[in-house]
Amino acid sequence: MKFITIDKKNWAKGIEKSRETYRLFGPVKDKNGSFIRDLENDMLPDMSCNDSVLSAKSVLFPQTEKILFTTLDESQKDHHIMKRVPGDSAKRAVLGIRPYDAKAIQLVKLNFDTDDYRDPYWCDAYEATTFVGVGINKPGPFDFSTAAGTGPFSETGLDVLMADLDNAYLAKVLTDKGGAFMTSCGFDTAADEKESQALFDILRKEAEKNISSRIDTDKLKDKTVLELHEAPFWDDIAFSCINCGTCTFVCPTCWCFDIQDEAKQKSASRFRNWDTCMSPLFTKHATGHNPRDSKTQRVRQRFMHKLKYFLDKYDQGIMCVGCGRCVKSCPVNIDIREVCKIMNSYEKKE
Amino acid sequence: MGNLLEHMGIERDRIHFSWISSAEATKFVDVVKEISNKVRALGPNTKLVKDYN
Amino acid sequence: MDVNLCVGCGACAEKCPGKFDDGYNANLKQRTAIYVEYPQAVPLKYAINPKVCLKLTKDKCGLCEEICPAKAIDYTQKEERITLDAGSIIFSPGFKPFDPSRFDNYQYTNFANVVTSMEFERILSATGPTMGHVVTFPKLPLNPKKKQDKLLVEKRKDPKKIAWFQCVGSRDINKCDNAYCSSVCCMYAVKEAMIAKEHAGGDLDCSIFFMDMRTPGKEFEKYYENAKEKHGIKFIRSRVHSVTEDAETHDLNIRYVDEKGGIIDDTFDMIVLSVGLEISKETRELAGKLGIELTPSGFCKTSSFEPVTSSRDGIYVSGVFNSPKDIPESVLDANAAASAAGDALSAARNTLTKAVEKIPEINVVGDRPKIGVFICDCGSNIKGVVDCAGVTEYARSLPYVEFADEAMYACSQDAQNKMVEYIKEKNLNRIVVAACTPKTHEPLFQETLTNAGLNKYLFEMTNIRNHNSWVHKNNPDIATQKAKDLVRMAVAKAALSEPLKEEKINVNDTVMVIGGGLAGMTAAKSLASQGYKTHLIEKKDKLGGEAHKLYKTAQGEDVQTHLDQLIREIETNENITVHCNTTLEAVDGFVGNFKSTLKTKDTAFELDYGIAVLATGAKALVPVEYEYGKDPRIITSLDLDKRFKEKDAGLAKLNSAVFIQCVGSRQPDRPYCSRVCCTHSVDNAIELKKRNPEMDVFILYRDIRTYGERELLYKKARELGVIFIRYDREHKPEVKLLNGKVLIALNDHVLNQPVEIEADLLTLATAIIPRRDERLANFFKVPLNDEGFFVEKHAKLGPAEFATSGVFVCGSGHYPKPVNEAITQGRAAASRALTLLAKKDNLFTSGTIASVDVMKCSQCGVCVAICPYSAPRFATEGRFAGKAEINAVLCKGCGLCVASCRSGAIHLRGFDTNQIFSQIFALGEVV
Amino acid sequence: MDTCIQKIREIAFQLLDKKEVERVIGFSNGTIPMATSPITIASKQDTEKLVFNSTCGLNLANYIRQQKGKIAVIAKGCDSRNIVTHIIENQVKRDQIYIIGVPCKGMINKSKIKALFEDEILKFTEDGETLTVESSLKKEKLNKKDYLRDNCRLCQHRNPVIYDVLAGEPVEEQVLDTPYPDVEKIAALDADARWLHFQELTKNCIRCYACRNACPLCYCPTCFVDESGPQWVGKGQDKTDVNTFHFLRAFHCAGRCTDCGACAEACPMDINVRDFTRKLNKDAFDMFGWEAGLDQTKRPPLDAYSPDDPNDFIK
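Protein chains in written order, with the working numbering: chain A, 1 to 350; chain B, 1 to 53; chain C, 1 to 927; chain D, 1 to 315.
Next comes chain A alone, as it looks inside the complex:
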């Protein structure tokens, strides 16, 4: 494993250099919090800011993505034949991605990249992307990533994991992709492997110690779907919910989308937009029938999917990386930690 020390004085120059090869993404501070943005020329990622309001999933899976297009002009030979929007296979790198967001992308990959089906848009973007993460020295009060199977210095899904050492970054190159990015920046001051790893371990332990928030998921696996599905607590959990879908939009692991066609004059396009299981429209049939017509059904779906169905289907833990974004953003303070607690401890009364 290779470690590289990056003096912060050289950081900006190196990043600038990488632009020759990479299109860069990273957190940028805005007046309403920080956001993962396309870093245009001269823009630097804000590596020290609080967690971004939305996760980094949008780099691979934008909220609105044009996927197909065609012409309606019947004088053209190929009218009404949908064609794929030329993919952007140019290399890109996400700088400063949080370790749990990187893990989340691995969970999303389970959906977009399967043996039977490969989503070309997502997968092509994924393959073109290098994930350069930064460890979280001081996790916030909402971070329960350790309990969700990841952590402040988790390496899953990352190509490079960096540690912030005040004056310098210590970068652990995890994959060849990561190495290539470092090279493109011209970062080549190798650090001692053993010392560096020790430093990482200390930082990780220190950070993990800071995490006070946790959830228990140990009993979820053993409960039957029907038992949880029919449990009586859902109405109370759902009461305050306004079905806005904020939780799903801020969630790094939510992957649902909706397809929309738009046409003007002779040109037509097909888009995919993030969708949310909180919206009644999500499951509404063309007949007018809606199998998830009530708010309670929709709220239950979200938590059951994250904490039970996913767990059962993939055996890769829960579909939550413990970032705490939904806890912070929910307008009515529905807290997944509480819901998880209720589900995990639920015993059906005979």
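Think of the hints as simulated: they come from the structure by calculation, not from any bench.
Check before you lean on any hint, since a few could be wrong.
Below, a list of computed lysine-lysine pairs in the DSS-like style, where the Cα atoms sit at most 25 Å apart [claimed, not checked]:
1) B/Lys-27 - C/Lys-230
2) A/Lys-284 - C/Lys-653
3) D/Lys-203 - B/Lys-50
4) D/Lys-203 - A/Lys-29
5) B/Lys-47 - A/Lys-264
6) D/Lys-239 - B/Lys-47
7) D/Lys-239 - A/Lys-266
8) D/Lys-141 - C/Lys-856
9) A/Lys-264 - C/Lys-482
10) D/Lys-141 - A/Lys-31
11) A/Lys-31 - D/Lys-112
12) D/Lys-114 - C/Lys-883
13) C/Lys-482 - B/Lys-27
14) C/Lys-883 - D/Lys-93
15) A/Lys-209 - D/Lys-123
16) A/Lys-264 - D/Lys-239
17) D/Lys-138 - A/Lys-29
18) D/Lys-138 - A/Lys-209
19) D/Lys-114 - A/Lys-29
20) C/Lys-653 - C/Lys-690
21) C/Lys-839 - C/Lys-533
22) D/Lys-123 - A/Lys-138
23) D/Lys-114 - A/Lys-138
24) A/Lys-29 - D/Lys-139
25) A/Lys-8 - A/Lys-194
26) A/Lys-295 - C/Lys-230
27) D/Lys-93 - C/Lys-781
For chain A, the structure is supplied; the task is to place chains B, C and D on it using the hints.
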């Protein structure tokens, strides 16, 4: 509605409401002419216009 | 002209060389020998003037026969005599405008810029000789041919000053024999001045020279005040003596005496003579033949209690021939005459009707649209400009179009027959016709669809004539392109059209009349005599209402005798149930299906009925001014009537009597004129004079409004020595009680001196005030105006009905009115109600009405609040209780609810959102 | 506020105890600092869960529609005005709800407080007019007055306009000479600057529709943005579509909005969507002298036709 759009920075003359009965052909013509002239004077609108490409 | 063949295309008139004066345009322009009477003529058929036609006069020309594509011209037609058997005759021959030619002082014939009000009316009209543009020398053509006219026309200008002279041919026995007031001229002069000002853009100076301003109609006084206060129209109380013309400019100079007695010279660009209404010599002769008795002025003699019945049995009259009147009164007269004629014939009803054969409707639901498009050439009307063959070819290329055909006249009988064949042969299930206006022709094509077994709403019409070939005459290419656009849009809409159902309306033929006054009793009597069960609801303990307080009518008939007789007739009529001491507690339902709770004393009962007539009347104001109530000598008009009725001998012993007019009327808090008080006071003044010719009788007035032949009473009063003193609103008379005397002080308008009158009797002509029954108005969802009178459906054309279907209005609850007018309106309301009752088994809703998508309805109630017809309401039962639903019977398809629904839950059938969008998108494709 | 919550709990307890209502809708404590959550309770024991403080910024009128049986609801001034609007708009019947009115001194602006700290807030307490806020880095004592939400700062109806019982003494109403300084501030800009202001405002919108869903006025079964035939507005992140959503939604609230601030409160992106609705509120007031939710007998001006409507197009 007009006030709100104007407040959003869209020229007032781009939106027009009029109450014209089916018997008021002349008024209809006058109103349409007036609006067309006003809008023509303003030039193409760039605000709240969707770019489809 | 064979009217069955003529399609009204107008090709003949385009080429016709014969010319004669266009009477419709007050002879201000010429029309061709083959012509339509006026643009809105129904049916729209051409006629030939045999006196002008070259073929008929000189056996030359014959162009129209050559041109007519419909082969409708027939020069051999002869006058025919038709004999009709009729049970009743309604005689409504109208009037002729007074011809001022014989007045030398106004020089109407000699001066270029003196016009009559009828001429001015046409000048103001967009379809008139100058297309609504007011110019001087209006009597000359726009482009005159004669040399001297050409010189004059060079001086033509937009007038800056126009004067109206009132009472030309009215209230005048010096220069003509028309002693009566024509009733309408004050109001039309104000209207003309307002419109002229509007057309001229505001800087036009309008002056109206008048004697009394007579605006006693509903909403008229406000209009007059507005004209004066807001629009700066000048009202000058003066009779202008004569007019002279400036030889050079042709401006008109006048000299008149103003109200203060000063002599004023002024110059105007134009003078409009407000000519009165006259019964023509021909009409008088015809009346003579019919054996109808006339008044000395030539109007039909009728009684106040049978105001539309002539002196000859079975002949009924209406309109100005009955007495000078405005549009709403004419409409009421006509309604009333119809009901009177119907009363006499009720036994024969439905004896001559034939049933129509019904063709079963093909079910097209679920079928792919197969659209048939028919492009009409309209002779050369469309084809002369638009490439109709090209449009037809284009139509064939449009989606869902199965068939397209071009027709010379799509509306002709053979084209209609072919359409039916094509529908059957090609299994067409949607039809588009591109022709003229749906306003006149849609019903015809819909009938054709019905005959072919298609639902009539599977039809779409687009206007490629009026909207296209006529207006783009000089740009045939663009017109053809536009025709294609229009056809494409119509096809796009038609593809989405669905068969719509017309619901049958069940009509309960029981009627409820609320208010047992003169109007209510008359309505009830008329309905009952036509065989309908009628319930008459009266709040008080006896029928008759305010009429009990009246002494006699303006025509001198004794009110009480007639009233008693009417009450007896009502009470003995077996079709009428009278409910006295009864109030209305609740109303539910809608046209044909009302249900009410009524309460008599303490017993409540329910009544089911189909029609309601509101005749709730009005009452006299109790004055709060002029020391009323402080002295027994100060009374109201009704008090005085009471003393007449009681044959109070003291009245003859009075030395002086004073009437004050407009007590509570025509003032800011009650801006309307109470209409009846001038005549009432004048009449009572005469009565006093009759009892004691030596008595000093004064009438203190603002304008004397003895409209129509009531003017004769005014004349008679003056002849008898009644003294009329005018005051204005700002300087009301002052009444003082001093040393046991009733003293009235005011300024004399002639002498411009203060005068003081001592009165033995002071009669206050109090305003008539409405009952402002908001509860009742709410029950039936009918509106009240600012003053509290009911607002009728249409001020001119619907004066006895409400916008709410099945509810009618009559009597003083609508507006103050004298006995004869109340009775006329009572009959008119009955007449309007009969139009519904008579269709009992044949009444259907329209198919184009609103409907609610319950899944989207948020039950916010905007539709319920906003609908002027109360069609939406919340469902009270069933699966969708609480959601809005539309009552098909009440819905007029106006779309207000559709536009106001935030949730987008309401759709207008036949004009659904997707149809409108499809049209817009169809248009947008080429943008 | 402490005495007020005792009163609320007592009233709720009594109502449930005497079975006068089936449920009580109020606020409970949240799981994180500065958060409260709407809650419904059916048993009198649960009344202890009820809280009321200056973080209860959502509008409970949003929770009273389509409830079965009689329910009690806790209502601030603005909530009560929305209940009035609900009654007018046929969403609830007056006799179906028992209103526990709470005179309100304003709700706090959470994002303004968050902005004082670089890291996350760990603790928040409220004592009368003083707020104590703590993060891992520092502890601040704040004067509540300085951290009120904008709508509360400009509120002229702090006392409930309709209630069955009042849980506390009425508070003094603010009387403002310029009730719409925010609208005027935007209006003073030139057209392009105004346009930029709104572009910037909605830049981060993710179309989660929290503003709409938190709004008691937005109760249509199918919102126009969710409509697909016709599709009034595109559903993606196109800025025109985003703006169209916002201004049309605002327009649907014209003459009905009470400026309760729930929309802005709910927005996860901290967008002050009130910039749209406030302009319409001002217009409703200027043109019709109308403030929503004050009169149970009158429909909002845009629901009614009046011949003396001040709009010039009506003539």
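Against the structure, the hints:
1. With a C-alpha separation of about 22 Å, the suggested pair B/Lys-27 and C/Lys-230 falls inside the 25 Å cut-off, and the hint holds.
2. Between A/Lys-284 and C/Lys-653, the direct Cα distance comes to roughly 93 Å. Violation of the 25 Å bound is thereby established for this hinted pair.
3. Annotation: proposed proximity of D/Lys-203 to B/Lys-50 holds, straight-line Cα distance about 15 Å (limit 25 Å).
4. Simply put, D/Lys-203 and A/Lys-29 have alpha-carbon atoms about 14 Å apart, close enough for the 25 Å limit, and the pair holds.
5. Straight-line distance between C-alpha atoms of B/Lys-47 and A/Lys-264 comes to about 17 Å, which keeps the hinted pair within the 25 Å bound.
6. The straight-line distance between the Cα atoms of D/Lys-239 and B/Lys-47 is roughly 10 Å, inside the 25 Å bound, and the hint therefore holds.
7. For the suggested pair D/Lys-239 and A/Lys-266, the alpha carbons sit about 22 Å apart, so the restraint of at most 25 Å is met.
8. Distance check on the hinted pair: D/Lys-141 and C/Lys-856 sit about 50 Å apart at the alpha-carbon level, beyond 25 Å; violated.
9. For the hint pairing A/Lys-264 with C/Lys-482, the CA-to-CA distance comes to about 22 Å; that is within 25 Å, so the pair holds.
10. A hinted pair counts as satisfied when its Cα atoms are at most 25 Å apart, and D/Lys-141 with A/Lys-31 qualifies at roughly 23 Å.
11. With a CA separation close to 11 Å, the supplied pair A/Lys-31 and D/Lys-112 stays within the 25 Å bound.
12. Taking the CA atoms of D/Lys-114 and C/Lys-883, the gap is near 44 Å; set against the 25 Å cutoff, the hint is violated.
13. Using a Cα cut-off of 25 Å, the hinted pair C/Lys-482 and B/Lys-27 holds, with the two alpha carbons roughly 22 Å apart.
14. A threshold of 25 Å between alpha carbons decides the hint, and for C/Lys-883 with D/Lys-93 the separation of about 14 Å falls inside it, so the pair holds.
15. The suggested pairing of A/Lys-209 with D/Lys-123 holds, with an alpha-carbon distance near 20 Å, which does not exceed 25 Å.
16. The straight-line distance between the Cα atoms of A/Lys-264 and D/Lys-239 is roughly 17 Å, inside the 25 Å bound, and the hint therefore holds.
17. The suggested pairing of D/Lys-138 with A/Lys-29 holds, with an alpha-carbon distance near 22 Å, which does not exceed 25 Å.
18. A C-alpha spacing of about 20 Å is found between D/Lys-138 and A/Lys-209, which places the hinted pair at or below 25 Å, so the restraint holds.
19. At most 25 Å may separate the alpha-carbon atoms for a hinted pair to count; D/Lys-114 and A/Lys-29 meet this at roughly 15 Å.
20. In summary, the hint linking C/Lys-653 to C/Lys-690 is supported, as the alpha carbons are separated by about 12 Å, within the 25 Å threshold.
21. For the given pair, C/Lys-839 sits about 16 Å from C/Lys-533 by alpha-carbon distance, which is consistent with the 25 Å threshold.
22. With a C-alpha separation of about 17 Å, the suggested pairing of D/Lys-123 with A/Lys-138 holds against the 25 Å cut-off.
23. Among the hinted pairs, D/Lys-114 with A/Lys-138 is consistent with the structure: their alpha-carbon atoms are about 18 Å apart, no more than 25 Å.
24. Taking the CA atoms of A/Lys-29 and D/Lys-139, the gap is about 24 Å. The hint holds against a cut of 25 Å.
25. Distance hint between A/Lys-8 and A/Lys-194 is fulfilled; the C-alpha atoms sit about 22 Å from each other, no more than 25 Å.
26. For a cut-off of 25 Å, the pair hint linking A/Lys-295 to C/Lys-230 is broken: about 60 Å separates their Cα positions.
27. Between D/Lys-93 and C/Lys-781 the CA atoms are separated by roughly 23 Å; this keeps the pair inside 25 Å, and the hint holds.
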